[in-house]
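Chains as they are written, first to last, in our numbering: chain P, 1 to 138; chain R, 1 to 347.
None of these hints come from the bench; they were simulated from the model.
Every residue, glycine too, gets a C-beta built ideally from N, C-alpha and C.
Treat the hints with caution; some may be incorrect.
Claimed, not checked - What follows is a list of derived Cβ distance ranges for each label pair:
1. R:263 <-> P:33: 52 to 58 Å
2. P:37 <-> R:323: 43 to 49 Å
3. P:1 <-> R:194: 52 to 58 Å
What the hints assert, rightly or not - Mimicking DSS-like on lysine-lysine, the simulated pairs with C-alpha atoms at most 27 Å apart in a straight line are:
4. R:323 <-> R:311
5. R:64 <-> P:9
6. P:47 <-> P:111
7. P:47 <-> R:318
8. R:227 <-> R:247
9. P:125 <-> R:193
10. R:323 <-> P:51
11. R:216 <-> R:240
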Amino acid sequence: MTVPQIWRKIPQFYNLYGKKCSSCNKLYFPPRDICVECGDHKLENFKFRGKGNIITYTIIRTPLSDPEGELIDRPAREIPYILAVIELEEGPRLTSEIVDCSPDEVKIGKKVESVFRKIVEKGPKGVIQYGYKFRLSG
Amino acid sequence: MKTGIVSWGAYIPCYRIKVEEISKIWGSDAESIKRGLKISEKAVPGIDEDTVTISVTASRNALKRSKIDPIEIGAVYFGSESHPYAVKPTGTIVAEALETGPDYTTVDLEFACKAGTAAIQICMGLVKSGMIKYGLAGGADTAQSAPGDALEFTAAAGGAAFIIGKKDVCAEINHTVSFTTDTPDFWRREDQKYPSHGGGFTGKPAYFRHVLGAAKKMMKTMGTTPKDYDHAVFHQPNGKFPSRAAKMLGFSEEQTKQGFLVPFIGNTYSGASMLGLAAVLDQAKPGQRIIVTSYGSGAGSDCFDISVTEKITEARKKAPLIKTYIENKRYLNYADYSKKTKQYIME
Ligand SMILES: [Zn+2]
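Put together the whole structure using the sequences plus the hints.
Shown next as structure tokens:
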């Protein structure tokens, strides 16, 4: 993502802002401009609470390698890391990293809550992107 | 109503490393270090945690404890030695995450371990003068220490945030004083990764002169003695310094127990005295009186005389207590610790 793209996504990344269709009440995360259910263009901002449960997950042990050192993005994470599909309480699903736990603690169906973390550093000179990740909520 | 603390919030990362684990690597005697520094383990940030993420989490906890609309926050000040950007304020990211809207003023603060208490003083001034309704003041750090240096046993991560205002305060701030001089006991030059320190020089002419100076000035101004306070909090770079300072001033172990967190989490630098105060507020009863003295190398101390109100009982229930964060921990070995604190060069 470019700096303007990161900047535009701040509400979505910091506070889980998605959209709600004014006509049929369908909820969207990430936000979108047109409702796929009813085709309406009138979608309003909607803040998700950041609570949900794990639908499925995978453990990434061999991430995309960068032998030439061409990628500037430096994701703020260790190897291995846990990537999960999470269903928010309000309905929509999203993909996020699960932090502060080891791979053997993650199970389908476990409850999770959002935390505010560093996502990516655009190299040592670049901007830092912050946003949501999730952790097990007991 | 008097200006004071409307709300407070804290955050401590879940990772810990024990003194024994660090000693094993460098061949030091763990038992004598534990006895000497009065510390058993320290909090370590996750690889995706920094002063911004700690400040945001602590501030969100503070907001949960209050009834205020974040739009009413007119100033945001965070003190740290580890602001992630040299140019681009931590305060802007915290305020955006809290949804304060654009009508606030901010600037990042730095004064070794006391920039957070200076943030409280600045917010007090703005609230008292009527320039703002509420101010957000915090201190957080992910403290850096060179591998093998004595600081490695204590340099930790954590932070606390306070909403300062006049309405519905949980704790009235009766008075604040400072004691500041030019004393080079600990410093870090621009572009240096790790700080340098004056070894034994950090004690008598530095920590003790300023902490005792500020606390004595406060008690003289207020006409109080240690007996008038239920709780006393001192900056805690290790366990030894605050214990000795308390004793020299005439405070008992009972009075300092509640805010004494360094044995379990280490020195959280700008977070240290503020987390100590937050831990006291987590437990304090209405009517109790607290004295808090911070210390920042370079050097200076800020002291606060605080009275707890009846509002505190309800407020404390609405966000996680420090006790919860201290108990929720995951131990690291030295290799994992090095990875998390980026001591390995991984290109
Ligand atoms: Zn629709």
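Results for each hint:
A C-beta distance of roughly 54 Å is found between residue 263 (chain R) and residue 33 (chain P), which places it inside the suggested range of 52 to 58 Å. The hinted window of 43 to 49 Å between residue 37 (chain P) and residue 323 (chain R) holds, with their beta carbons roughly 46 Å apart. At roughly 32 Å, the beta-carbon separation of residue 1 (chain P) and residue 194 (chain R) lies outside the given 52 to 58 Å, and the hint is violated. Among the hinted pairs, residue 323 (chain R) with residue 311 (chain R) is consistent with the structure: their alpha-carbon atoms are about 20 Å apart, no more than 27 Å.
Straight-line distance between C-alpha atoms of residue 64 (chain R) and residue 9 (chain P) comes to about 24 Å, which keeps the hinted pair within the 27 Å bound. Distance check on the hinted pair: residue 47 (chain P) and residue 111 (chain P) sit about 19 Å apart at the alpha-carbon level, within 27 Å; holds. Of the supplied pair hints, the one linking residue 47 (chain P) and residue 318 (chain R) holds, its CA atoms being roughly 20 Å apart against a limit of 27 Å. A threshold of 27 Å between alpha carbons decides the hint, and for residue 227 (chain R) with residue 247 (chain R) the separation of about 13 Å falls inside it, so the pair holds.
A threshold of 27 Å between alpha carbons decides the hint, and for residue 125 (chain P) with residue 193 (chain R) the separation of about 15 Å falls inside it, so the pair holds. Proposed proximity of residue 323 (chain R) and residue 51 (chain P) is supported: the alpha carbons are some 23 Å apart, at most 27 Å. A distance of roughly 20 Å separates the Cα atoms of residue 216 (chain R) and residue 240 (chain R); the hinted pair therefore holds under the 27 Å criterion.
The earlier numbered hint that this structure contradicts is number 3, and it is the only one.
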